[in-house]
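Undergrad: Protein chains in written order, with this note's numbering: chain A, -18 to 319; chain B, -18 to 319.
To be clear, the hints were calculated from the coordinates, so they are not data collected in a lab. Some hints could be false.
In this list, chains with the same sequence are indistinguishable; a pair is considered to hold if it fits within one copy or across any two.
Computed list of lysine to aspartate or glutamate pairs in EDC-like fashion (alpha-carbon distance at most 16 Å, straight line) [as the list claims (entries may be wrong)]:
1) K99 x D303
2) K256 x E(-6)
3) K(-5) x D(-15)
4) K256 x D303
5) K277 x E198
6) K193 x E280
7) K99 x E29
8) K279 x E198
9) K25 x D55
10) K279 x E13
11) K305 x E13
12) K251 x E160
13) K70 x D303
14) K308 x E13
15) K306 x D270
Protein chains: 2
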Amino acid sequence: MDNDLIICAARGEKTERSPVWVMRQAGRILPEYRAIRSSISGFKELVETPDLAAEVTVQPVDILGTDSAIIFSDILVIPEAMGLPYEMKEGIGPRFPEVVQSDSDIDRLNVAEGGELKYVYDAIAETKRRLAGRVPVIGFAGAPFTIFCYMIEGKGSKTFSEARKWLHSNPIGSHKLLEKITQSTINYLKLQVEAGVSLYQVFDSWAGVLSKPLYEEFCMPYLNRISEEVNSVPNIVFAKGAHFSTQDLMESSYNAVGLDWTMNPVEVRKFSNTKTLQGNLDPTVLYGDDALVVQKTKEMLTSFKGGAHIANLGHGVYPDTDWKKVKLFIDTIKSSQN
Amino acid sequence: MDNDLIICAARGEKTERSPVWVMRQAGRILPEYRAIRSSISGFKELVETPDLAAEVTVQPVDILGTDSAIIFSDILVIPEAMGLPYEMKEGIGPRFPEVVQSDSDIDRLNVAEGGELKYVYDAIAETKRRLAGRVPVIGFAGAPFTIFCYMIEGKGSKTFSEARKWLHSNPIGSHKLLEKITQSTINYLKLQVEAGVSLYQVFDSWAGVLSKPLYEEFCMPYLNRISEEVNSVPNIVFAKGAHFSTQDLMESSYNAVGLDWTMNPVEVRKFSNTKTLQGNLDPTVLYGDDALVVQKTKEMLTSFKGGAHIANLGHGVYPDTDWKKVKLFIDTIKSSQN
């Protein structure tokens, strides 16, 4: 690998500078992405066509100069592989025509073997061919609780109160569903590694609607199981909003912990200075002028001193961000020394 | 006042038990509310008709036995009084036909004198007549940043990225708008106190999309100004999701700090044990069976030991909650001793 900075940093090694990638870097911020996206029928066609998925995966490496590619896909391929297909509604978001409403619905779901998602592994292999060793490819999956939220609610929500209702009113059924999701995710990530990803991130996008006791009971054991069973490459856990479980995450079996923009790296380092941290510029800083972007990026880098760091935003880049500001963020990091 | 437990607790006095009220207690959980709501044209008619607003304000005192009433209204009456009217779309939420898009839009906005909202003070006076001293009435307003979010975005959002963009790309304009909102809110709350509220709460519903530096710059000064200028009755600040600013809130000029369900009262007490805390049962616990509601409510009470406490949920009660579970929550608190 020509540039293995992110792998070294994920392993906790000292690197001459922080490697950088951006959540949602392959996506609507790039005109080159939008050109491809508008030439096809929909989001799912892009996810399911390895050549196209590989093309948009490589774009940010070429255009923005990121230190890694992250495979273009969606966390909702897992519920689909389990028997609950999703639709992606343009400008609205994901929708599940059917949702889990009862224990018998859970019984009818498969544990995904992983083979259902061949298009993802093909896209990874094609991406690797195109990158030819320039930078590593990151794989990913949704955390079991976040997938659970979608399978119960069928779409995004501010509170995910239906999903949280399940945890309180049917904890046994909830664990049963989380088990099935976890096993499916393990199978899926193992095949991503086999296809060539050099590290992977688990996204717990809706962690923030829980609390410490619920996160301990319904999330941490499943997150740790994934990490322990898919352990041949380094990994990152990003539990957005889970400020209450910072200590548990810092004591987890993941190599790196991603921080959202509301978290203070200095405070988080107090729990462990051997764990790699990732993050966490507020993505709305990229709406500011160049001077602000440079200043806040440098402040962010300083706030992570004292341990290994992978630079990133604290949330997926917002689609209406000027890609030149993203490049400025990346260039600022690449020209800074640790 | 027959029952002034909540005023005593808000002032930090030791009370024989924690007083209790519930955010959104006057609302869709009660069949009696839904009966009134379905007999009229819309939500705003209810807010703007003092007799009806008073009726639904008193309902939870009669039916659920709360230790206080909170005036039935909406935080969005302030932008309306400033010249930006809102609509309430059934089953969707608030919508502003016009939003703030430029500095000149800010210049055109009024500072509300408060007199524009006579219907609120009339509803407070009518509520007091109906309560006849049984329990106090709580007034409220939105925090300046939360109102700012709505005035910029025109509706709810998961990220409020447009509002956050303003903070970074136009901090001077942002402060100008926040100033106008703050002064309007002070005028409004002073008239609520004059009309008879015994304490008031400031709701910073969207605090959680910020970070400590932004909260320090764009929120705390305005929150503190409100508290310092409207200081003849006790007050509560509820900054949902602002885990990063717990210390600033605990050092603020408010008598009481409301905690959302993701916060740990034991940790928060470490910043001050003279400040009253409010909260914070996870509202989705009320979807559980009776045994779970009683158990989790008692655990919640225990977690607040060590200082003055006002019992509440950690978020507004979800509209599909069985009101009998809310009553069980309240009864459990009322039968517990401090």
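Undergrad: Each hint: holds or not?
TA: Verification of the supplied hints:
In this assembly of identical chains, the alpha carbons of K99 and D303 never lie at most 16 Å apart, being 34 Å within a copy and 46 Å across copies at closest. With identical chains, the CA atoms of K256 and E(-6) are at most 16 Å apart within one copy only, with a shortest distance of 10 Å there and 44 Å across copies. In this assembly of identical chains, K(-5) and D(-15) lie within 16 Å of each other by CA distance solely inside one copy; the values are 12 Å within and 60 Å between copies. In this assembly of identical chains, the alpha carbons of K256 and D303 never lie at most 16 Å apart, being 32 Å within a copy and 45 Å across copies at closest.
For a Cα distance limit of 16 Å, the shortest separation of K277 from E198 across copies, 15 Å, qualifies, whereas the shortest one inside one copy, 37 Å, does not. Taking the closest pair of Cα atoms, K193 and E280 come within 16 Å of each other only across two copies (14 Å); inside a single copy the shortest separation is 30 Å, beyond that limit. For a Cα distance limit of 16 Å, the shortest separation of K99 from E29 inside one copy, 9 Å, qualifies, whereas the shortest one across copies, 59 Å, does not. In this assembly of identical chains, the alpha carbons of K279 and E198 never lie at most 16 Å apart, being 38 Å within a copy and 19 Å across copies at closest.
In the homo-oligomer, the alpha carbons of K25 and D55 lie at most 16 Å apart inside one protomer (9 Å), although the nearest pairing across protomers, at 41 Å, exceeds that limit. In this assembly of identical chains, the alpha carbons of K279 and E13 never lie at most 16 Å apart, being 28 Å within a copy and 57 Å across copies at closest. In this assembly of identical chains, the alpha carbons of K305 and E13 lie at most 16 Å apart only when taken from the same copy (13 Å versus 56 Å across copies). In this assembly of identical chains, the alpha carbons of K251 and E160 never lie at most 16 Å apart, being 32 Å within a copy and 37 Å across copies at closest.
Taking CA atoms no more than 16 Å apart as the test, K70 paired with D303 passes in neither setting, with 24 Å inside one copy and 33 Å between copies. For the identical chains of this complex, K308 and E13 are intra-copy neighbours only, at 15 Å inside a copy versus 57 Å across copies, given an alpha-carbon limit of 16 Å. In the homo-oligomer, the alpha carbons of K306 and D270 lie at most 16 Å apart inside one protomer (8 Å), although the nearest pairing across protomers, at 51 Å, exceeds that limit.
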